[in-house]
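Visitor: Start from chain X and add chains L, A and F with the ligands according to the hints.
For reference, the chains in residue letters:
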Amino acid sequence: MLRVTITISLKEGVLDPEGQAIAHSLGNLGYHEASDIRTGRIISFTMDESNHARANQKVAKMCETLLVNTVIENYDIAIEDQAGDE
Amino acid sequence: MLRVTITISLKEGVLDPEGQAIAHSLGNLGYHEASDIRTGRIISFTMDESNHARANQKVAKMCETLLVNTVIENYDIAIEDQAGDE
Amino acid sequence: MSMEAEHTTQDQARDMGLSADEFDRICTRLGRIPNLTELGIFSAMWSEHCSYKSSRRWLKTLPTTGDQVIHGPGENAGVVDIGDGMAAVFKIESHNHPSFIEPYQGAATGVGGILRDVFTMGARPVALLNALRFGEADHPLTRHLVSGVVSGVGGYGNCIGIPTIGGETHFDASYNQNILVNAMAVGLARADRIFLSAASGLGNPVIYIGAKTGRDGIHGATMASAEFSEEDMSKRPTVQVGDPLAGKLLMEASLELMASDSVVSIQDMGAAGLTSSSVEMSSKGGMGMEIDLDQVPIREKGMTPYEIMLSESQERMLVVLKPDATERAQAIFDKWDLDFAVIGKVTDTGHLVLTSQDAVVADLPLDPLVNDAPEYDRPYDPPSTPQPADHTSLVQDMALSTALKQMMGSHFLASRRWVYEQYDRHVMADTVIESGGDAALVRVHGTNRGLAVTTDCTQRYVLADPYQGAMQAVAEAYRNITATGAKPLATTNNLNFGNPEKPAIMGQIVGAVKGMGAACSALDVPVVSGNVSLYNETDGNAISPAPVIGMIGVIDDIADTVDIAITDTGLSVYIIGQTAAANDGWLSNSVYAHVIADHDHPDAPPPVDLALEAKHGDLIRHLTKQHLVAAVHDISDGGALVALAEMVMAGQTGADITLSPDQLTHGWAFGEDQGRYLVATSDPTALEAAAAKYGVEIQKIAVTNDRQELKLGDSDIISSTELRGVFEHWLPALMESKPR
Amino acid sequence: MTNVAVISFPGSNCDRDIITAVNHITGTQPTQYWHKETSMEKHDLVILPGGFSFGDYLRCGAIAARSPIMDEVMEHVWRGGFVLGICNGFQILTEAGILPGTLMRNKQLQFVCRDVTLSLHHSQSNAILGQCDDNRQLVIPVAHNEGNYFADPDTLKKITDKEQIALTYTNTGAANYNPNGAINDIAGVTSDNGRVLGMMPHPERKAEAIHGGVDGHYLLTSIIEAAS
Ligand SMILES: Nc1ncnc2c1ncn2[C@@H]1O[C@H](COP(=O)(O)OP(=O)(O)O)[C@@H](O)[C@H]1O
Ligand SMILES: [Mg+2]
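Residue numbers (this note's numbering), protein chains in the order written: chain X, 1 to 86; chain L, 1 to 86; chain A, 1 to 740; chain F, 1 to 228.
One should not assume that every hint holds.
Said to hold, decoys possible - BS3-like, lysine-lysine: derived pairs with alpha carbons at most 25 Å apart:
1. K625/A / K693/A
2. K212/A / K157/F
3. K11/X / K322/A
4. K322/A / K212/A
5. K58/L / K11/L
6. K322/A / K335/A
7. K42/F / K11/L
8. K514/A / K60/A
9. K335/A / K11/X
10. K212/A / K60/A
11. K405/A / K60/A
12. K36/F / K61/L
13. K11/L / K36/F
14. K625/A / K615/A
15. K502/A / K615/A
16. K11/X / K61/X
17. K284/A / K301/A
18. K60/A / K301/A
19. K157/F / K11/L
20. K212/A / K405/A
21. K284/A / K345/A
22. K335/A / K36/F
23. K284/A / K322/A
24. K711/A / K615/A
Source of the hints: derived by calculation from the structure; they are not laboratory data. What you are looking at is a predicted structure, and each value in this text was computed from that prediction instead of being measured.
Same shape as in the complex, but just chain X (with noise of 0.2 Å):
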């Protein structure tokens, strides 16, 4: 068993006007160190399969088909042993 995390981003360049709303709040309460403010989501899962690499190219069909809208986000994934499986 893996565990599976997906990070998605917004590409470089794609409005994250989500971003800019929480950039405005943090300042209003007073944090202005913070900059270039990006959202993004992480799906993550168990999956049934042992062998990483092929784990790794089934994600990344996932990842194209359904989980990422590729026209403006990214994709990093990221596969461990489950924990406790060992």
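Guide: Relative to the frame of chain X, chains L, A and F with the ligands by itself:
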């Protein structure tokens, strides 16, 4: 300059309709290997600060006051030196 | 940077969608070779989207004037007088290509764009509509596109707080690779407070307001003007991302600014962004404009003049201010936390001059940009007039109720509730009639007046016969408005067609424009705004042509409105406008032909008689005004029996229907003859007298019951609950089904 | 006469609607406050209207809950003032910690706009609903993306015991009577002093005959009377 990444996930026991919907669609597309799907959010930003510990403390405060709904969400802070900075 | 340093070439021009001839023409008019920024500006202004080069010749033939018209085509949106010193401002626009590439953002920014066209004129938007066309239900992309587009339309409209209360949703294989997403917005303004775009006043400041400029959708206008190929899917041009919050703030701030006596003229940055807004404002005013690109608020580092001028970032406007108004304006934008920058001034040079870092980076005479865009008289094949299918061969041997059930559960007629329940239809608290019937209707806030709105087009009719089909679209819109009790006032239209360089497609365009013009003249609903979307083809396959009609109407007192729901029993139901010949109803190219006879063929659609349409419309308005009818529904797709079923389902009642023996019942029940309505009345005598007075033929067909069933003749019975089940099932079931 | 205030945030879009509805009932114009304001007069009833404050970015109501005017609202609550939060206003009240629980994404992951049937509960133990009759069912529309009420088991037990679950979606037998998957069909909750009410449905959209029903008018009238 530091790059801060906050990963926000739903607490255990909180229903994750989005995760369920993704599981459903993945199944429909013929991907049956994924189970226990959870979704989360990421907020990342550049921080005008050099000390990791101090940064961590500040970011935790941002999380508690604005970025995270601690009724239903957990968070995790990762801090690294901004690439190309050293 | 010296301007001569970067000469462009024919190849670059071609990449921007300009032909070799057009490039030569530009060089001749300029007397030199343009640089990259200048060429980009030309290509945008001369694109089909901005210049209407293929359609202009024909659009000029449309009727655009009338007593009710305050501003016809040429402004950001059309403006009509609705009485009491008020004006309605409205327009429809397409976002077809972006919505296919990124359905959520494409649809959302389509809504945002059309809203800006309306509030730019000083009107507060009060209603949104959307006309959608998707591929076949079981095409692998359809559900993905439906779900993305619908949530995008809702995502923007719901957030900005304007009710989305009407539209249409169709499915057809010709849209498999090229969906249509048309959005219409309607706003209200005081008739004497309309803002236009023509710049004036030498030296007046030019300000930029709204969101920052990024690298979004550069060259969107050219993309919308080119044929699509499957490769584009992977090329993935940058799509614009909408920010409805910024849209809402920009709307409120702009309306506040316009109320503050600060604005000379104002224009939103839509297709081709800063380019089209600056060029149009200065050329319309017969002035010039100087812009310092370094003052433009930008989102990303290192943007070139070319990128700044052609960016299609959303939620931005360009304003010419009165000389002393800068501070007042600045205060308003500070309150709303929006970017505000003085970026230039009005000149009298007749040139658009752009500077950056103290150097001139573009210097273009406005006249050729605007007036010398080629106008093509493209060759066309006049479409041949199709023959009607033989009615008797279409009629199938089955019970009326069986056919009715199949039709109501087909993609043509099934309920669109799944779509419109994702739209906020009640925000602004003025919605009187919402989605689910004919036209929708909103109250003019603070008055008893009502504004009725609809969009219509039956593309299978247009495909078969562009002239009749376009007339029918106008006639149906007219009937939908009329069915609420309102008087149709004016139209907008969105011409969605394939590649006009093909004579067959150009023939469709010519036929449809002629039909639309004839109908709009006869029904006195002049065309006051519109949009053209050509090149809707993928890999050489053109869409079914869709000249979508948007129409508005007005009613003096909302107490006189009716909707389609029959809620009382014992009412008499009449067909208004039923001629004796319609006993053998028009089944050719009907829903019945396609669904029941499985005859999927572009046969002749039902002909439209414009004089009868007008006469029947007058009678309906008389009946509603006199409160002689409890419910009204126009008869269109599916025919009379479908219309009656919709009326009793909406009101949770039933009806006993009389079938006369000399009727060819299937034709009578499902024929799609035009110009007809169904009405329910508690006063048959008065109704018959009124019809006689107006010289309109009518036929009594049913009495309503409380048994929640349709009884067809003596023994053919179907419960309206069962019918509703079929009607409501189709779309949700499709959306939940597994992909093929 | 009840003295009403309505708070507007960037992205609020039902402020005009609730002002119109209140005005019809009281005959006076409520006082309107902008989120940046730092002082508020005394009012009997403060209303947080529906809409998409700050675009619903981050979490619905999260950014609004931290805006300057909310300090004033908080003080009003401490003084025992009456507060009504509708839709986004409800979300803001939970984000501000004034009401228990939270509102999550609708279970079906779609915006939903339609009439729902509501049941009133414990009106006599909640001052803000003191004029209402629990036997009366209300038909009022919802319109939201995030109305799926959630509270952890402890909180749920507490608000149940203290009779704070004031509005629920009535099981009419229709499969989708609960429009968003809210736990225990919760449509609205009150604060533990019974003076703050948050609800997802929009009473101002059933406030006059043209809306096709006046149950919202009934509810708003009762609340305004209770607050006087
Ligand atoms: N995309 C949509 N958005 C909003 N309302 C829609 C949409 N599609 C269909 N509707 C609504 O569903 C109802 C039925 O649509 P349609 O059959 O096209 O009506 P008609 O035949 O009277 O023109 C209408 O009230 C229409 O406004
Ligand atoms: Mg109709």
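Visitor: Run the distance test for K625/A versus K693/A: straight-line Cα separation, threshold 25 Å.
Guide: Holds. K625/A to K693/A sits at ~16 Å (cutoff 25 Å).
Visitor: Taking only the CA atoms, is the gap from K42/F to K11/L under or equal to 25 Å?
Guide: violated (40 Å)
Visitor: Quick one, are K514/A and K60/A close enough, alpha carbons at most 25 Å?
Guide: holds (11 Å)
Visitor: Is the hinted pair K11/X and K61/X satisfied, with a Cα-Cα distance of at most 25 Å?
Guide: holds (19 Å)
Visitor: Would the pair K212/A and K157/F pass a check requiring their Cα atoms to be no farther apart than 25 Å?
Guide: Outside the cut-off at roughly 49 Å; violated.
Visitor: Just to be careful, I want the Cα atoms of K322/A and K212/A compared with a cutoff of 25 Å; is the pair within it?
Guide: holds (23 Å)
Visitor: Under the criterion that the straight-line Cα-Cα distance not exceed 25 Å, is the pair K284/A, K322/A satisfied?
Guide: Holds, at about 17 Å.
Visitor: Are K335/A and K11/X close enough, with their CA atoms no more than 25 Å apart?
Guide: Answer violated: K335/A to K11/X is near 31 Å, above 25 Å.
Visitor: Is K60/A close enough to K301/A, meaning Cα to Cα at most 25 Å?
Guide: At roughly 44 Å apart (the allowed maximum being 25 Å), K301/A and K60/A break the hint.
Visitor: Given the hinted pair K284/A and K301/A, is their alpha-carbon gap at most 25 Å?
Guide: Measuring from Cα to Cα gives roughly 33 Å; hence the hint is violated.
Visitor: Between the alpha carbons of K11/X and K322/A, is the straight-line distance 25 Å or under?
Guide: violated (40 Å)
Visitor: Please work out if K11/L and K36/F have their alpha carbons no farther apart than 25 Å.
Guide: violated (33 Å)
When held up to the earlier numbered hints, the structure conflicts with 2, 3, 7, 9, 10, 11, 13, 15, 17, 18, 20 and 24 and fits the remainder.
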